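Take these sequences, add in the hints, and give me the full structure.
The lines below spell out each chain.
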Amino acid sequence: MALLEVEDLRVAFGASTAVDGVSFAVEQGKIVGLVGESGCGKSVTSLAVMGLLPRGRAAKGRKGDQPVQAAAEEVAGGSVKAAVAAPQAVPAGGGRRRGGGADVSGRAVFDGTDLLSLPPAAMRRRRGKDLAMVFQDPLSSLNPVVPIGRQITEVLERHRGLKGDKANKEAASLLDRVGIPDPVRRLKEYPHQLSGGMRQRVLIAIAVACAPRLLIADEPTTALDVTIQAQILELLKDLVDHEGTALLMITHDLGVVAGMCDEVNVLYSGRVVESAPVRELFARPTHPYTVGLLGSIPRLDLPLHEPLTPIRGSIADVIRWKDGCAFAPRCDRVADACVAGEPALVGSAHAHRCVMAEEVA
Amino acid sequence: MSTEDHALQDESPQVPVQRTAEPELPAASADPALLEVEDLKVHFPIRRGVVVERTVGHVRAVDGVSLQVAQGGTYGLVGESGCGKTTFGRAVLRLEEPTGGRVRLGDDEVTSLKGERLRKFRSRMQMVFQDPLGSLNPRHNVDMLLSEPLKVHGVGSKEERRKLAVETLDAVGLPKTVLERFPHEFSGGQRQRLGIARALMLRPDLIVCDEPVSALDVSIQAQVMNLLDELQGEFGLTYLVIAHDLAVVRHLSDRVGVMYLGKLVEEADSESIYEHPRHPYTKALLSAVPQPDPEKEATRERIILKGDLPSPANPPSGCRFRTRCPWAQDICAEQEPEWREAASGHKVACHFDL
Amino acid sequence: MTIAKIEKLDRLIEASVSAREAQTGSLLRQSYRRLRRSPMAVTGAVIVGLFVVVAILGPWIAPYDPTAQTWGREVFLNRNIFPGPRAENWFGLDHLGRDMFSRMIVGARQTLLVGVVATLIGFVAGAVIGGVAAAAGTFGGRWGERVEAVLMRTVDVALAIPMLLLALSVAALMGPSLSTVMVAVGVAQIPIFARLLRGSMLAQAHSDYVLAAVSLGVPKGRIVVSHILPNSLGPVIVQATLVLATAIIEAAALSYLGLGNPDPGSAEWGTMLADAQRFLSGAPQLAIYPAVAIIVTALGFTLLGEAMRESLDPRLRSQE
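Residue numbers (our numbering), protein chains in the order written: chain A, 1 to 361; chain B, 362 to 715; chain C, 716 to 1035.
One or more hints might be untrue.
Said to hold, decoys possible - Taking lysine to aspartate or glutamate pairs in the EDC-like style, the calculated list, with each CA pair at most 16 Å apart, reads:
hint	chain 1	residue 1	chain 2	residue 2
1	C	Lys720	A	Asp323
2	A	Lys322	A	Asp301
3	C	Lys723	A	Asp336
4	B	Lys644	A	Asp301
5	A	Lys129	A	Glu243
Read the hints as simulated data drawn from the structure, not as lab findings.
These numbers come from a predicted model, not from an experiment.
Here it is in structure tokens:
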């Protein structure tokens, strides 16, 4: 049985559905990718699994209720700062507003327990310890007025009961492990004194402080330069290889997916449209959306000035899944069958949600 | 964790290249360069003090960059954040005051223009911004956005301006029904089309595209890149494309320059630079780009650079890249490498032939 | 693709869009919706609305002439006899036997007038100073930077003087009158508006759309007037609501100190408060009515202003 099994996850903010029945599994020591463009529901999925969405109607709209804001705060236990206004993490196009909150349903079974049905206090105990998260924007996820050493020891204290010198030593060795030179000196520094890459390493150090069994990385390298991205990806891979951590990787970058992931789920408009082992997906992309994405990226390994074949329209050109395939308005293969009701996810190892797949292939 | 396992230390040559005194070759192509930048410098003073401000140093954002862009060509300037590429683009357009150097567009010296003459001259060079929403005034509708450049340059009557706006909208693939709409009513890709349309309104010779697609979704990036391609032919445009994404630059450009810490480290035709990168930084950059192909990813040789970008206020002595270079030798700290032509049309600033 | 298929797709897209649009809309509409849902805004709006209606209609809804000493014979100052609330005088009588309720109602107009005019003076003068400073500093080259420095240092100095003291000095120069109060309070607000508009304009001046305008060759004056200014006024207008609250209190304070309308018959909340002071032990209600009115009105404007500021906060706006 997989370490994390998400089944039929749905998240709605008021009238708009951000995640519309997503299922996937992450096994111990594996890297699973959730791929898609803005608004596809990939970030909301991860926030829901982490229990970091403001709860539905019952929950009161607290001031400045941004899911990510609360999220960053919760993850490391208090001192990690709340000012992530990260709109990237909150997909566009919906009517979610403060006071709205999310209605979450489905199951996210982690090691036998359904995380979605856990009471908030129990979930809080698990966060940071059993599952941890790394966000896109390292600067706003760290508290600017607390030295990074303190931000790490806080987690160690809370989840592992380490105090004083012991905690400091452990913090230094964590920084060393994520490749920060001169860690003892760095402990006293503040986030603004570090470069973007260093900050992301600190966040990863915080995330892995309690040796979580599942790490969720939400666009961990999007804000970083390509040479720094290479360093961070190497680090994450190393963690998975040596610690057996499971990694759920959320990204829009198919290059990162190809290099990192074992399994890939492609999301469009809140649903998985294609799901396959990484080699299989890139060798035989089946859903027109996946094909379109692959045709849209300029590549270094193709002949110069090879024309791109973009997907037409934008994510605003979408129809409701209950009416047909949400991708149909942008799809070149669209047929009558595409708008004749809900398309199902077919296949097991390599699954896709396209009624025309057989005929085209 | 060690980050430099993959550094190819053993391959580094031990002897600096003997340089033969080659005379500067005149450009082989018949096309004269439309844009010529010579030794452009932009230094920002670092000021300290509360009551009396004094200058305690300079951030050398751009520190002596020379390049030429051929008429109708696309020059791609690539580099990581903080390398000075954005400042360079703005200095070329005189949106940032150059500290030194010359910029020539056609027969005109851009760097010597002042006041009203500079303002008038701006119609010949335009810019496309990274953030399509931020670069459009939220209170102006499309009609106002597009007709303003014409109005301030005294082009046409109200009807003519509107007609030109509709034509340009058509060229960027937007219907004329959008004229009355405001920027926030569009999607990211459409906004970028508007930004491009606005830059086109004055039918400029040169367009500087600063990260034209990096704020867009993958599927939209391709649309915008194809559009830039089409418009280049249709309007006879010359592009200076500034981007951090090597694949984007490769796709759009026919000549590419790589910038590091305020200077060019390598410049060549796209084919040559991507097939045979000669500067260690270019090699590292190229090796760091993840490929959307798992088979290739499994075998991709990565040169993982150690450390971060040094401060441009206090660049390293000698070669600026030496602090992160896997091949660095003693000479790199002592001498600044010459900007030399390593092969025909392929310039590089490195002591070694790698 | 067949025409029918395209039509069907369009219809389905339409359906999906309208399902989402129920929740979104233009930025202003979103702000308005947030405002309407905020209890703070609603309370503020109700108070302000009531106050404005009363202020405008005052003379017509007041049951009696506020200056007529109709019941003068029923008040005995030295014996502390002030008839309290009763059927014909809801708020009772003041020390000269005038109807308190009518005086309160008519006084609202003066308070509103002083508040609005004072705020307008502060707004206009402050906006001019702040606007000129920001424009000069951004586009005026080295000379402009000097103009900006001089203007803003002056404003800083003015800001360092306590507002009441500043107002008192102005009032002392002009002698007591209603316009004194307006000018005094208005002048005291100038620095706030100047700083606010300048800050707001500088933030806009560094935005990409202003850079775009420069690169298009839009003349500097036009950039300031048609690009920077319209996008900078929002926070300043919101601030004006908050300043109105302060202005009302300040104006009352100045009147209380005897710098307001010298006509003893005029009904003004601050003057009424000052008058009531002498009879505080015998008839505290005379002080309580105007005091509560001043506080509640100021509170109304503050609530509304704060709620507006929050609703316009870009961090709370949805992305698309």
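### Query
Does the alpha-carbon distance linking Lys322 of chain A and Asp301 of chain A stay inside the 16 Å limit?
violated, 39 Å
### Task
Sort out whether Asp336 of chain A lies within 16 Å of Lys723 of chain C, counting only the CA atoms.
With a Cα-Cα distance of about 9 Å, the restraint between Lys723 of chain C and Asp336 of chain A holds, given a limit of 16 Å.
### Message
Need the status of pair Lys720 of chain C, Asp323 of chain A: alpha-carbon distance at most 16 Å?
### Response
At roughly 13 Å apart (the allowed maximum being 16 Å), Asp323 of chain A and Lys720 of chain C satisfy the hint.
### Message
For a C-alpha distance cap of 16 Å, please report whether Lys644 of chain B and Asp301 of chain A respect it.
### Response
Holds, at about 15 Å.
### Task
Assess, step by step, whether the Cα of Lys129 of chain A is no farther than 16 Å from the Cα of Glu243 of chain A, and give holds or violated.
Roughly 14 Å separates the two Cα atoms, so the pair holds.
Hint compliance for this structure: hint 2 alone is broken.
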